[in-house]
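Construct all of the structure, not just a fragment, from the sequences and the given hints.
For the protein sequence lines, the chains are G and P, in the order given. At position 3 of the first sequence the residue is numbered 2 (numbering that gives the first Met the number 0), and the sequence of numbers has no breaks. At position 171 of the second sequence the residue is numbered 170 (numbering that gives the first Met the number 0), and the sequence of numbers has no breaks.
For the record, the hints were derived by calculation from the structure and aren't laboratory data. Small disclaimer: the values here were computed from a predicted structure and weren't measured. Hints may contain errors.
[Said to hold, decoys possible] List time: in silico DSS-like cross-link candidates among lysine-lysine, alpha-carbon distance up to 27 Å: (1) P:Lys61 to G:Lys140; (2) P:Lys110 to G:Lys52; (3) G:Lys51 to P:Lys125; (4) G:Lys103 to P:Lys45; (5) P:Lys111 to G:Lys110; (6) G:Lys138 to P:Lys51; (7) G:Lys121 to P:Lys111; (8) P:Lys51 to G:Lys110; (9) P:Lys51 to G:Lys103; (10) G:Lys98 to P:Lys78; (11) G:Lys110 to P:Lys103; (12) P:Lys111 to G:Lys98; (13) P:Lys104 to G:Lys98; (14) P:Lys39 to G:Lys135; (15) P:Lys213 to P:Lys125; (16) P:Lys61 to G:Lys131; (17) G:Lys138 to P:Lys45.
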Amino acid sequence: MAEEVKLFGLWGSPFSRRVEIALKIKGVKYEYIEDDLQNKSALLLKYNPVHKKVPVLLHNGKPIAESLVLLEYIDETWEGNPNLPPDPYERAQARFWAKFIDEKCLPALWKALFGEESEQEKAMEEALQNLKMLEKELKDKRLFGGGGGGGGGGGEESIGLVDIAANFIAYWVGIIQEAVGAEILNRERFPVLYKWIDELLSCSVIRENLPPRDKMLAYFISRVQAAKASK
Amino acid sequence: MADEVVLLDFWPSPFGMRVRIALAEKGIKYEYKEEDLRNKSPLLLKMNPVHKQIPVLIHNGKPVNESLIAVQYIDEVWKDKSPILPSDPYQRALARFWADYIDKKIYVSGKKVWQTKGEEQEEAKKEFIGHLKMLEGELGDKAFFGGECFGFVDVALVPFYSWFYAYETCGSFSIEAECPKLMAWVKRCMQRDSVAKSLPDQHKVYDFVLQLKKKFGIE
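Here it is as structure tokens:
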């Protein structure tokens, strides 16, 4: 039976892009459907009634949601270039850091950049702390790694689950900082993390699955302006 | 080499209970260490420097943090007995999705029920019951969330049963009345030794909640 893979996504969403990266690393052919956020499409509501969000993957008609769940599903379903290592302890560590990124880093960064002024200072401190912990975890590795040959420089350090999960930090944060006029992540503060960003963005499979910078910047600038106008 | 397994835990924690259940399901011998969260041990701070929280599973000296990650770890290491996650990738994805839903919604909304009163509490109750009903809908007529067999989503959710009496009493409502199918599922789970022995008595949890309310000045 011919395989049918569809991805409902959003051009600017890091979560959606994570799934595209994972599919591309595995060489999976899929149909991409851009979701219209303003009028959440009827299809999206049908396939993700619980959260009503992208990304949603439809594999032979069966829907799955939540980007980190999808990264593991893609790993288990299609062979080659795994994003998780085979050892259970290393898998647990990768899952830990991916969760840390989603539940601690991203919310703190978002609040520090977009939150209420009263919350921003505290969020900034938290974001800095979280980034420091992430940097410590990198140590002297080129990538967070754990992957098995997909798109990295080769050798034992290939793109893994944590690298894909941290795409927001590698690309979106820089753009948002420019739009908002704030600076949390910079080369002086985080030399190790910046080396990782350079390494990650040098991988073609990552670079080719990011939204265009100028379009993303324009989007965030307009968001900032809209927020100011509503005050 | 004999396996050395230690669990750093706190008796009323539903997250700790998940790991207890998984270890029991697999018949793993381990050392249980009760933590005083007001005075965290050097071992806890060393093994979970990022979050400084329980539960922490320590296997041959190496820590695994976050309850659902620890449960998956246990399933993958002791893979020859009593599987917790299903073998089919799509079923596994569904199991992870619902466990993630439980993680994001149940603890937080349940906490709001016992921490608030008046209008705020009514809102909290509606939200909490809404999440339970969503889960009840997903359960449907199956014996367990994964189907015939007790599994990952059951492990993720059933520990909160030990807090039901506390939620119900603080919020003046009955979970049985709102979600009878879910309560039938609870009873099925409680027939398993691994679950019955891992959950504390509901009244003990309620007394603990009353102490917390006093401590935080919540009437």
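Subject >> Structure versus earlier hints - violations, ascending order >> reply: Going through the list in order, the structure violates no hint and respects every one.
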